[in-house]
Structure formats: structure tokens, C-alpha cells
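S.K.: Going down the list, the sequences are from chains A and B.
Note that this note's numbering numbers the first sequence so that position 124 is 124, with each residue one more than the last.
For this note's numbering, count along the second sequence from 1 and bump the result up by 1000.
Treat each hint with caution, since some may be false.
Said to hold, decoys possible - Quick list of in silico lysine-lysine cross-link-like pairs, DSS-like style, CA-CA up to 25 angstroms:
| hint | chain 1 | residue 1 | chain 2 | residue 2 |
| --- | --- | --- | --- | --- |
| 1 | A | K198 | B | K1479 |
| 2 | B | K1440 | A | K159 |
| 3 | B | K1123 | B | K1027 |
| 4 | B | K1407 | A | K159 |
| 5 | B | K1407 | A | K148 |
| 6 | A | K148 | A | K38 |
| 7 | B | K1267 | B | K1207 |
| 8 | B | K1304 | A | K198 |
| 9 | B | K1304 | A | K38 |
| 10 | B | K1267 | A | K206 |
No lab work stands behind these hints: they were computed from the structure.
Computed from a predicted model, the values in this text were never measured in an experiment.
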Amino acid sequence: MSPYVSKIDRRTALKWLSAAAVTLAVAPTMARAATYVKTPKGYGTDPDMLNPTSPWDRIMTDRQLQLTAVLTDIILPAEGEHPAPSAIGVPDFVNEWVSSPYEQTKSDQKVILEGLDWIDAEAKGRGAKGFVEADSGVQMAIVTAIAKPDASAAHAFFKRFRHLTLGGYYSTPEGFADIGYIGNVPMESYPGPDATMKAMLEERMKAIGI
Amino acid sequence: MKQPTPYDVIVVGSGAGGGMSAYVLAKRGLKVLMLEAGRDYKPEEETPMFNTNAEAPLRGVSTPDKPFGYYDATVDGGWTVPGEPYTTAPGDREFMWWRPRMLGGRTNHWGRISLRFGPYDFKPYSRDGLGVDWPISYDELAPWYDKTEKIVGITGAGQLGLENTPDSPPGILHDTPTPRLHEIMMTRAFEAMGIPVAPMRAAVIQKPMDGRSACFYATSCGRGCSIKAMFQTTTVLIPPALATGNLDIITDAMVYTVDMGKDGRAKGVTYIDRVSGEHKSVTAKAVVLAASAAETARILLNSKDGRNPDGVANSSGTAGKYLMDTVGTDSGGHIPMLEGMPSRNDDGMSGAHIYVPWWGYQQQARKELPFPRGYHIEVGGGQRMPGMGIGDLADYSDVPFGAGLRKQMRHYYGSDIGFAGRGEMIPNDDCYAEIDPDIKDRFGIPVLRFHWKWSEHEIGQAAHMRKTFHEIIDRLGGKVTYGFETDGEKAIAAGGEIIHEVGCARMGDNPKTSVVNKWGQAWDVKNLFITDGAVLPSNPDKNPTLTILSLAMRNANYLADEAAKGNL
Ligand SMILES: Cc1cc2nc3c(=O)[nH]c(=O)nc-3n(C[C@H](O)[C@H](O)[C@H](O)COP(=O)(O)OP(=O)(O)OC[C@H]3O[C@@H](n4cnc5c(N)ncnc54)[C@H](O)[C@@H]3O)c2cc1C
Ligand code: SF4
């Protein structure tokens, strides 16, 4: 596979930098009071909805981004007209997510970045130059091993990574086309399910006795 | 400096209560000044209608900056507002307070469910000896429900004849769009349990009216609606009020006191300009408070002077008391019957097309249920626009990754459903708001301190909700995926979490036990009116906003009548 090239253009990248440069005042914390404390470098409580930006710096190393690209595509390989995650920028999304300043994504930052470093080391341990360079057999063996449910950190990494890959992928128009989401188009009237579908449902309801 | 325009009425707040008050008063020819704490907001220009989650930071998920997701219309707020705290009394259960800072308030991102309260709901004490009766009956409010529904535009046409679940007179309501696949399935299962299902009553218009376009069955209403199909005061009530030439609006105006004259009448109000920090006073012949229930109480309680040591309009001592929310809990299920169904467009009018009105009035009358008041059920599911939650579907898949996973994702997409119970809370002495003795907001205004405790009535109801949801999921051949706990104490949502906060300045027949009379007019100050949810003496399961709007319309008309008679 050729190296992953970020899908983020220069203009957008500059926008992030300038937005991050704006100094943000931190609200005083008050004991037992529910107030809002601004997340430094967050997008704020009144962002421009029509021109969304995520103004924080990206923290993945190029190596981690390359690992991400390879792994997203192992999880959800291209199929027919449906592109691979790396072809539609999903690795950039994973980078955006783990780089986010918000509390909710902090635990993922650790799990994902450590997991990527681990998987690279694991490939080396199996004689490859690294996970990116490893042949498909080694890659598949490692991912198959960590996909098995257990209490290990490697499996926890797999689960979170897969969650981010699938969420990042299916929330795009390409993902909609694959999974079969056909909404978000204005219609004059709402048709509801068609007769064939209703008949299918009817049969299934009958089968369980309702 | 004297203000250039002499106003007849100052309206504080621009949400459901304030928006309707200003609309009625301006149309009746009174000169109105609306003061709104938040910024100006224009849904036509700002709503990200068709944007996908992929265009939003973090695929649009909730963050502390946007607690209901990036595209949610809430401006500068949510459970917390920068620099404007509130507190919970030590030892009490948490109360959560949702506040936006924008013109139109919470009507910009509300759930649009618009149910009429029924005849029992106005006389609950007479039925079971709990809580208090309202000073008005259903019949007194019914004509105002009619008028309000005609302006708002609400679905749910049809005559159901269900107990304590009033139908609107024919010709008022719009048709509800046809049910989605999972809604057809749920209807069957509820009916098998002997529980009737009703078409949703939602404030989403189905045919063009008053310069608004009909819903086009795409896009999420929580973002707002640029074509004005859903009801927001910013698109439906404020523009026609402005068009009369009788309404002026000042945004970023945080009102903190009602100013009293020596004659015992309200002179006007004082506010802080949230941008410049300046304090400004304005005067008018009458004042309407509609800053949202708890904030209205905060203004009353902070309006202390020599004659009103406990705050304005508070000789009864009940300002801030009898705060209520809705009882809420939810469960979800995975339904194999819905797996592998063909693609369909489940967008519809964004919210559900069906709901389940409370069905147990007769059982409760016979004392067969371990809780006295009812709840309705709201439903969810379908093949909705994918966001981050879609990743969970892989948990059902027996292909953990690689070739074959796409097929599994398609197979499971749209096979999860959810239920939410929304139940009546009975007012109690333990739930109230007062001024915190120590803490002030960034403007120096003392903040609210909440006290909260659920009673056995609500806790018993929450347990029943969960058991009902589990039964229905089971009847559908499915498995519960969240909301397992059936101990009501643990299942029940936090106070305020359902965002139906009402009470704090209740109406009544008796000046000793209520803040306002049946017209929303303060017993102590005849030119001071309250037109938000603060005046509700009880909080039936039916979501409160349609009733807040109808009361505001009725009471603003009364105010205009009194003004015309020279009685204020
Ligand atoms: C996500 C969500 C879903 C909901 N779903 C439903 C539903 O399906 N059905 C239903 O019936 N209800 C629903 N609600 C509740 C509904 O939004 C409220 O009942 C309704 O908006 C209350 O009207 P209000 O006028 O009291 O307050 P608001 O609409 O909140 O308006 C109050 C206004 O006053 C302003 N204000 C506050 N303090 C001050 C001050 N000191 N000075 C000046 N202005 C001030 C605020 O900024 C705000 O604009 C929902 C709410 C939310 C958030
Ligand atoms: S679903 Fe209908 S009412 Fe809701 S935002 Fe879209 S067009 Fe407007």
C-alpha cells in the first residue's frame, strides 16, 4: 500500500492553527456550583454551524497515522464500489478524535496511541520491519488475535479502534451508500415503508405471534 | 436619562411563554419591549439543515461545549452556562438545569411533542387527594388550546376518544405522517398488550401556512428548521409580532430585578447588558416574566427591597417552591425481526410518528397500581442518519473485522429500538429553588440553589416504566440492550434531566398558597404577570410547552383587556 496522504487541505489546516492561537479565558471554578469551564482549544459554545472547524492541533506522528490507515483498511476493506476507509479520510478523523481536547476522548487518546505503538512492536516481534510493512499474513494474524474477546489491553484497543473506524466511515456519504441510509433528501410527502416491506414485517410478526 | 419610547409592557424572555406573550400583546396594539438574555438568533440563516455528521468536529458527538451534539441548536448553554452557575444543596439529589442563551430560548431545540393536558390533570387533588387542583378547568383552557394549535401547527388529527387524552376539534390538527416500519411493529405489540397507540402530536406543519413551508421529511429538528416547518418562536411568533411595529427587542439583556414603585406596582426592570456589562433600567405600565420557570423565580427572589424583604410577589413565601420536572427513564432493545430488512427512508418528521398515551387511569382508580399518576411512552428507532453510535452494531456481528463485516453492518442497521417513559411528578415540599447565600454569577447576581428529592410516587412509576419496556421488548422477540435496572430509585432520571422544569410561582385560588391568580397575575402586584412554566401547579405526564403557550395566550389577552379597561 502506498503511504497515506492526509485528506485535509492546507487551507483547513491553517484555519485550525489560527483558531487555536486565540487565547481563551478560563472561567473561575466555583465549589459545588454547576458552571461551565471552557475547554482550551475546544470549538466553543457557539460555533459557526455552517462552517464547522475542529481547532485543535493534531497529535499523531506520521508513523501513527500510517498505522491507522493500514488498520482501518484491514477492519473494513474496500468492496466493489465501496471505498476503503483510508480513501475517504477516516484516518484523519481518528487523528482528530484522539487529538481532541475534550475529556470524553481523553481515554481514547491513551488507548489508541498506545495500541498503535504496541501493534507496531508486535509486528517487529514477529520478524517484520513494522506493522505497516508487514506482509498481509502477519497483519491478519495480529488483528485476528486481538479481535478475540478477552480482558487484554490489546483487545480493548481493537474494540475502540474498530468503533472509531466504523463511526468515522458510516457517517460519510460513502458510508451512507454502503449501509443503505437513503434519507437527508427533501420530499413532498412521506411515503413510509412500501407494501413489500410491510408484507415482510407482517410475516415476521405472525411468526412470533403478534 | 429618560427612555425614548414609553412602553406598555416589558416581556422578559423570548421562549414559549415570552414569545407568545409578546405576540399577543403586540397584536393587541400594546407597545412591547422584549428583553432576552441570549444573543439574537435567526434559524433561517444559521441552521445546518443537510450537513452530515462527517462535516462536524468529532462526527458531531456531544462534548462539554455542545452537550447534545455539535449541530444541536442550543447557543452558549446546556446543562451549564459559561460564568452563570447554579448549585445543589448539600445532601440533596442533583438537579440539572438546561438553559440556552439565544432568542427563542428552548423552543429552538425542543422535542416538539405537543399534548393537551386532560380534564383530570387540572383537578388531580380532587381525584386522589395528592398535590393541588388548578384554579381553572380543562374546559376553561380548551378554547385557548384550539387557538394556540392553529397558530403553532400541530400533527395528530383524528378522533381517538381516549380517557383524559383530549382530541382537538376537527379541522385544527394536521395529519401525522404514516408510521415507520418499526413503529408499525411497536403498535402491534402494544395493542397485543391492550395498550392503545396514538398518532404523534408534534409541532411540525404538514401543509404550508402563514409563510411557513411544510415539513420536507429530511433533516433533524434539534438543529432548528430554516424552512420554519417546526415551531420555534423565532420563526413563528416573533416575526409577526415585529411586523406590527409594536415590538422592540433587546438581546443580551440579563434581567435581574423587578423594580417596584412606592405605590406597590411594578415600575419596570433592571438588566445587565451581557456584552458591555452595563446595568440599565427600563420602565413600562406592566411587566411580564417568562425567563423559564426557575429563572423567573430567581428574578422574583432577587428583587428584594424594604417592603419586599423576601422578594417581589412573595408574600405567600411560595416563590421558588413546588419546582417539578417530568419523571423519566428509558430502555432499548435489539429486535431480530428488524434485521436484514430492505433500505427505507426512516427520516420522516425527525421525531417519532406514534406515541403511547397513559392507559392505566381505570387501574389507578381501582388502586391496582403501586403509583398514583400516569406516564406516556415515547419511542425511537429506524434507519436514521449514521453517527458515531453506528459502531456499536459491530458488537452483534460474528465477523469481527475484514471481508464480510460490511454485510453484517447492513444486516443489523435499523434493528435497534428505544422507549422513554415520561411521567407525572407530584409537587412536594422537598423540591424547590432558593437564592444561594454565597455564590454569584459573573455579573454579580446571586444564583439559584436547588433542593431535590423524588418521592415514592415517582420512584414507583419509574420502576413500572422499565418493567413495561422490558415486557414489550420481550414480546417483540428482542433483547434489552440498555436500561436494565428495574429498581425505580436507580432507574429514575435526575431532577431536571427531562427538561420540563415547571412550578416555582404557581397559580391558585388562594393568595396565601400561590404566587399568581388564575390569570398569571401576581396576587401582590397587579401589573406583574408570569407567563412561563413557573405558574403550573402540577406537572402531568404530557409535555408542558403546549400548555405554557396556551396559558400565555390566554393570560396575555387578559392583560390586554385589563390594560384597555385602565385596571393596571
Ligand atoms: C432538548 C429538549 C427537548 C424538549 N422537548 C419538549 C417536548 O417535546 N415537548 C414539550 O412540551 N417541551 C419540550 N421541552 C421543554 C420546552 O423547551 C420548554 O417547556 C419551553 O421552552 C419552556 O418555555 P419557557 O418560555 O418557560 O422557557 P424558554 O423557552 O427556555 O425561554 C426562556 C427564555 O428566557 C431567557 N432568559 C433566561 N433568563 C433570563 C433573564 N434573566 N433575563 C432575560 N431573559 C432571560 C432565556 O435565554 C430564554 O430565551 C424540551 C426542551 C429541551 C431542551
Ligand atoms: S424534519 Fe421537517 S420540521 Fe424538522 S427540521 Fe426537517 S423540515 Fe424542519
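S.K.: Decide, hint by hint, whether the structure agrees.
M.R.: Okay, the hints, checked on the actual structure:
For the proposed pair K198(A) and K1479(B), the alpha carbon gap of about 22 angstroms is at most 25 angstroms, so the pair holds. With a CA separation close to 45 angstroms, the supplied pair K1440(B) and K159(A) exceeds the 25 angstroms bound. Between K1123(B) and K1027(B) the CA atoms are separated by roughly 33 angstroms; this puts the pair beyond 25 angstroms, and the hint is violated. Of the pairs offered as hints, the one joining K1407(B) and K159(A) holds, with about 19 angstroms between alpha carbons and a cut-off of 25 angstroms not exceeded.
Restraint check for K1407(B) and K148(A): the C-alpha separation of about 20 angstroms stays at or below 25 angstroms, so the hint holds. For the suggested pair K148(A) and K38(A), the alpha carbons sit about 40 angstroms apart, so the restraint of at most 25 angstroms is broken. For the proposed pair K1267(B) and K1207(B), the alpha carbon gap of about 44 angstroms is over 25 angstroms, so the pair is violated. This hinted pair does not check out: K1304(B) and K198(A) have alpha carbons roughly 64 angstroms apart, beyond 25 angstroms.
With a CA separation close to 33 angstroms, the supplied pair K1304(B) and K38(A) exceeds the 25 angstroms bound. Proposed proximity of K1267(B) and K206(A) is contradicted: the alpha carbons are some 69 angstroms apart, above 25 angstroms.
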